[in-house]
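Asker: In order, the protein sequences belong to chains B, U and G.
The letter at position 61 of the first sequence is residue 1180 when you use my numbering, and the numbering goes up by one with no holes.
The letter at position 100 of the second sequence is residue 531 when you use my numbering, and the numbering goes up by one with no holes.
The letter at position 191 of the third sequence is residue 310 when you use my numbering, and the numbering goes up by one with no holes.
Just so you know, the hints here were simulated from the structure itself, not pulled from any lab data.
Note that beta-carbon positions come from the ideal geometry of N, C-alpha and C, so glycine has one too.
Please note that the accuracy of each hint is not assured.
To be verified - Which residues of chain B face chain G? A few of them, derived with a C-beta cut under 8 Å, are:
#, residue
1, Val1158
2, Ala1185
3, Val1223
4, Gly1250
As the list claims (entries may be wrong) - Derived DSS-like pairs (lysine-lysine); straight-line CA-CA distance at most 27 Å:
#, chain 1, residue 1, chain 2, residue 2
5, U, Lys660, G, Lys260
6, U, Lys657, G, Lys507
7, U, Lys743, U, Lys728
8, U, Lys744, U, Lys716
9, U, Lys620, U, Lys682
10, G, Lys507, U, Lys662
11, U, Lys744, U, Lys525
12, G, Lys260, B, Lys1247
13, U, Lys525, U, Lys469
14, U, Lys620, U, Lys551
15, U, Lys743, U, Lys754
16, U, Lys728, U, Lys715
17, U, Lys657, U, Lys469
18, G, Lys507, U, Lys594
19, G, Lys221, U, Lys659
20, U, Lys620, U, Lys594
21, U, Lys498, U, Lys620
22, U, Lys715, U, Lys498
To be verified - Taking beta-carbon pairs under 8 Å as the criterion, some of the chain U residues facing chain G (in silico):
#, residue
23, Ala512
24, Ala524
25, Val624
26, Phe626
27, Leu730
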Amino acid sequence: MEMLAGNKAAPEADRSKPAQRPVGAWVAQAVLIVLAAYVVISARGLGIWLPQGPGPGFFPLVLAVALVLLSVAWFIQTRRAAAGSPAKDAYPWRRPAITIASLVVLAAVLNVLGFQASMLLFLLFHLKVMGRRGWLTSVVIAVAGSIGAFYLFNDFLLVPLPYATVPPLTWLGV
Amino acid sequence: MRPKASLAVAAALCISLALAACGPNNSSAGGAQNWPRKGKPVELIVSFAPGGAVDTAARLVAPILEKELGTNVEVVNKPGAGGQIGYTALTSAKPDGYTIGATGSPSVVVSPLDKSRGAKYTRDSFQPLGMQVIDPAVVGVAPDSPYNSLQDLIDAAKKTPSKITASTTGIQTGEHFAAVDIEQKTGAKFALVHFSEGASQATAAFLGGHVQVYIGSASDVTDLVKQKKIKLLGVMGEQRSEFLPDTPTFKEQGVDVISATARGYSAPAGLPAEVATKLEAALKKAIEDPAVESKMKALGLQTNYLSADEYKKFWGEQEETVKAVLPLVAKK
Amino acid sequence: MDVVNELLGGFAAALSPQNLLFAFIGCLVGTLIGVLPGIGPVAGVALLIPLTLNLEPTSAIIMLAAIFYGTAYGGTITSVLLNTPGEAASAITTIDGYAMTKKGRAGVALTIAAVGSFVGGVVATIGLVIAARPLGSLGLKIGPPEFFGLMVVGISLLVALAGKSMVRALISGVLGLLIAMVGIDPVAGAPRFTFGSDRLLDGVSFVAVIVGLFGLSEILMTATGGRNHPLTPGMRGLLPTRTDLRRSAPAILRGTGVGFLLGLIPGMTGSVSSLLSYGAERKFSRYRDELGSGAVEGVAGPETANNAHANGALIPLFTLGIPASPTIAVLMGAFLQQGLTPGPTLFTEHSEVAWAIIASLFIGNVILLVLNVPLVRLWTAILRIPEKILTALILLFLVIGSYTINYSVFDVFVMILFGVVGLAMRRLDIPLAPLVLTVVLGPLMERSLRESLDISQGSFTIFLTRPLTVVLLVIGVLIAASPLLRLRKPAALNEDPET
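Chain B with its partners taken away, still in its complex shape (with noise of 0.2 Å):
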């Protein structure tokens, strides 16, 4: 029984959809061996053998290898797989890539807005463009989110949290 549940959790392979190329994994192999590539050139630059053992280099230049097995053992099994294996669902790239962008320009602005005007901004954001909530349950919770977990962190835990850099933000003290 608890085997058949454990199964559903897994991922959303669906069996019905026809075969697709792993177009995903062979860009992921092509970055893995290019990074290995790169972890190769900058190892022998740090010394791979000392009198005393291995260099700075040494396990950098043995994973780089590894890597690059690895790879390729990959790439053959995908190759393999390729024929018979379901397609995934084609990946919805819009909302994650609006996360993930939300959150760089949020990290870029947090020592300029400070936390508070820059969290409050993230979190509307969230609530309101992205999570669809009412005007109230988005002010009330991005006012709580930002303003009050500043002074819960930075008052209360001591723990501080960054203050804004530029006027006009600077005059109000956050």
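For chain B, the structure is supplied; the task is to place chains U and G on it using the hints.
Answerer: Positioned in the frame of chain B, the structure of chains U and G alone reads:
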């Protein structure tokens, strides 16, 4: 429901704006004469993790500084890269007296000298304010070891070079410099084992008998001495340590090696003179406070106050020593 | 017996209403702080040390020890409910803990975690009382070569963490090792792969990696519609069933053993214990095939191990004065600020305080259990928050959590990067657990190898002349080779009679 809820939102907004208005106001930078402005906290950057010796010392000093300066002193930990993260933060802060930091040598001395670390500061980026403690390095062996004096050990390490294992607390730490300095001046050669995680790892390996010679700070061994788990052969201070009165100095035994960890407080260079004077006076008060001194003593640390000028001089001397030994400890 | 009398004296002191109150407050505050993002036991205890400075030493230490347990347990709560580990040692719990949440069994997971923590903590504390001295010196037997052997055993458990594909599990493991290479290397002190940034001299922050890898990538998966109504907490089964308890018992037992023994070794961290315990479950549990999809063993083992570790790590502190892990180092700082030097001299110079603290460890574990089992209902209520709002709040958690590691935006970017990496790995069916394992073990392995070779001045015979090291290395090789030995076992033979 609706009006009630919007009322809540309005209230939340009002409160937040009110709170925001109370916040520190950075816009009008006051002159040096009315430093520190009331309500504007002084940040004390500790470049090491909470709970360590540097952090503990800073947190003991902070409340007294608060009293002396009449404003909040917030201890902020910026640990990482052997102090480099915190030192970078300190030296890149505005020299307005609202940011000071704990500085420990040799870490603060070594990091800018080793080019591969890419430190963005030099010695001149710091303005020393006062030194709090000096913790000399010691050399010890197991209680049942055949070596009973420094000379025994050095003779043995000359006879069988690179065979006697000795611990350090990591590459380019004070212990590493001290060990190389000893090798330099005596012709002995040890098999140095670098415990990059620091003193507790080195102590564990020493107690487990995995390394024969322990090189560390006096403060780390005072309790081991009480437990009779280590036989100290020498201390690398100018004089004997107050905590280890029976341990002769290296100089007494004819080996001219001085090595110590020193901890003090500094500001970014370029502090207005009036601010510096106020800070130095407050630090002197705090460091020499009897309660602070006795707590430091409990930690095995002898308070050794040096004024800003003396600390600066000490710093320079230490830099000279490090520069001399650095090529020998540099990467192979 | 002397010990019994002194322990009873300790209980008398620790059970005073005042100390009991401090233990209770400590557990509660600790749990709340542990639930907050990013603040694990180390930061939690460090933050609250100033609050205890004006208390008398016994009360202060009792409260801090309680905070310490509380934060550790609080970290588990977010791991299980939100797939966002609150601290490093709970990272591995997310795998089965969160899978249980998806099945509506969050309550069971949290209760089992509390019970396991209790058992692990109490057993380790009993060890501290009856055999502190021999156990303390046992830990010292583990020198750098033995440490290296242990790490080889740990890394060999990689093969146990492989899901569908060994190749992809190994890729994940190698990536973890490469991430672990970033920073000042332990060999020559040269910066490796730091791209000239001093932020990376200490390596990539482990917490930022796991928070991104598990927490953020989970959110990104949701955003793709990858999970269908996962957060429907069936309130049924808030308490574990008899089957849950029966299945947890061996895992708790193994977790206690792993955590306690590793806790004795200076330099080992709690996350090593929880990871190795999870690896042990994957290798030895009767239900190993269910692990990864919400098996109760995957929560019981690691959570027990990390609390047994935390309590076991007090043994080197009390017998030798050595803080065996970063968390214990902070606790040691608290001792020192109270003017107490932890170590054997504590028992001769401040015997009453020492025994009161030991007694309070028992009490703290009990309070943690009675406090948290009823609170499980409250915590699981978090899951009733509408998904869109919860998503926004988790994002808030992730940002604060990664920012507060070093108070720097750098780690927020690291977290985002690993969120993307985690998303890619999930989409490509590359398991995350091997990466987590090797990120933790990699640096410890390289360091202990280096130290060993420093001792032998470059001769590898040091690994062959020490019996314990040889045994460990052989075990590691056997585990690593085990998939080869029964590689093509027919699926039909794999069936467990129980399932």
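Asker: Could you check the structure against the hints above and give me the numbers of any it violates, in ascending order?
Answerer: 6, 10, 12, 14, 17, 18, 19, 21 and 24
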